[in-house]
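Student: Chain by chain, the residues run as shown.
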Amino acid sequence: MKQAFLDLWEILKGSLITARHFCVNMTFHTLRLFRLSKRRGAVTIQYPEVKKEIASRHRSLHRLMKREGSDRPRCVACQLCATVCPSECILVEAAEDPDPDIQKVPSRFVIDIARCCFCGFCVEACPEDAIRMDSGLVELAEYDRANLVYEMDRLLK
Amino acid sequence: MTDILIILVKIVCALVWFLVLTLYLTWAERKESAVIQDRIGANRASILGLRLIGLFQPLADAIKMIFKEDFTPRFSRRFLHALAPFLSFFFVAVTVTAMPFGDRIRIGGRTITLQILDMDVGLLFILAMLSLGIYGILLSGWASNNRYALLGGIRGAAQLISYEVALGLSLVGLIMVFPSLRLSYIVAEQGKLLFGFLPKWGIFLQPLGFLIFFVAALAETKRVPFDMPEGESEIIGFFTEYSGLKWGMFMMTDFMEIIIISCLAATLFFGGWQVPWLGRQGFLFPWGGQWLLPSWLVTVFQVLAFNIKVIFFCWLQILIRWTYPRFRYDQLMDLGWKGLLPLSLVNIILTAILLKI
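Residue numbers (the numbering used here), protein chains in the order written: chain A, 54 to 210; chain B, 464 to 820.
Read the hints as simulated data drawn from the structure, not as lab findings.
Note that beta-carbon positions come from the ideal geometry of N, C-alpha and C, so glycine has one too.
Please note: incorrect hints may appear among the correct ones.
With a straight-line Cα cutoff of 25 Å, these simulated SDA-like cross-link-like pairs (lysine to any residue) come out [unchecked claim]: (1) A:Lys105 - B:Asp501; (2) B:Lys801 - A:Gln56; (3) A:Lys104 - B:Ser496; (4) A:Lys66 - B:Gly631; (5) A:Lys104 - B:Lys801.
Examples of chain A residues toward chain B, derived with CB under 7 Å [said to hold, decoys possible]: (6) Asn78; (7) Met79; (8) Thr80.
Kindly produce the complete structure, drawing on both the sequences and the hints.
Tutor: Listed below in structure tokens is the structure:
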């Protein structure tokens, strides 16, 4: 008998918790509607209008760095990123640079974002700090699959 | 002629009230569950950029449901398959005829009851119609010719029949206290006072009866703690093979059942349209004060009180649906036959003894 009442009390406690959540959240929704409180009644971030700040360590779309004072990439086409890439989504084709101090530049630098797993190994491997993943772009959806293959001019932007 | 016209107007008003409340209960359910879970809930439906916290969502849902493909599987029994949703919808929709919304009003020398039909057996009528709703479930399960749908239909029938027993017996005590099956009489009785100050509501006279009634009624609505016929996580339920508007009718039936159960709980146990200490002339407080009101304002108060009670019980049922995990099938049967049935019998005996003393 006593156990039955204890069980009933536990059942009641469950609905009291949800009722408490309802009452507290409703109070703050109402207060906020009349601009009486800053606290929000819900934790929801209304995505397309409001965006969550991206953490500084977050790995977003790659970008190629440029040499200081010029439009040319820092990349020396050493192939380290293409070698380390687990998804094998990086293609680098080397060409000769007229500047004897640099010697090599990429003639093509292609990343297939559809295959990329955003592991960040290419950034770790790069000896020239030529590739970074801090563009902050995360909305990479496309209607056409071919648009997911990023050529060098798009990566340099 | 005028009598027929009055009845027609009453039917239209009651049905509009019922359907609008049903429509907005879907919105309320989404919003309430969201607030419980610290979310915001549906708020994107808009007309010309006007959102109004998602108040247009039910309209959008209705439009979607009407224009979706109404698919009937090749292997189903077509006629029964089409009939089932209408059956369950109809049997819930007719119960509103017996609901008292307010006291009698006088317009131009005529006395009009705010109730479509003041039946002698109003309570029995509602219970009977709710039981007949089983046919819709069973037929939909059978006519779909789908194993899971049939399982859902059979479970639904078994569950509803078992809980009908407890539901009916839990109300016997109440009928003994207010000796009538006429709902308007039961509500009028609850306007009296107990010990001179407490309104004579059913809940104060039949607390155990109310508890049994409410649990059994929750099982009747086939929603989550008791969602055996549906069982989203195991069998999809009796409406597996339905789509579009027919599926929508099953969903509407569910929500209408919630409202009817709320109406019943309010009418039988919480004084229906009675406001505590509100008489036909106005408030007569037990501590001596009084506040006289014109009769139209009294009627407004009564209808408002009924609506507030109904909405509170709808709120409570949604809260319960979003709090508790579902029963296992054998646990459900245990609760019905070994828990609620003996308790309701005990309630009847206790009531009989207390009435005799």
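Student: All hints are to be evaluated individually against the structure, with a verdict given for each.
Tutor: Each hint tested on the structure:
no. : hint                : verdict
1   : A:Lys105 - B:Asp501 : holds (17 Å)
2   : B:Lys801 - A:Gln56  : holds (16 Å)
3   : A:Lys104 - B:Ser496 : holds (24 Å)
4   : A:Lys66 - B:Gly631  : violated (28 Å)
5   : A:Lys104 - B:Lys801 : violated (54 Å)
6   : Asn78               : holds (5 Å)
7   : Met79               : holds (6 Å)
8   : Thr80               : violated (10 Å)
Hints 4, 5, 8 from the earlier list are contradicted by this structure; the remaining hints agree with it.
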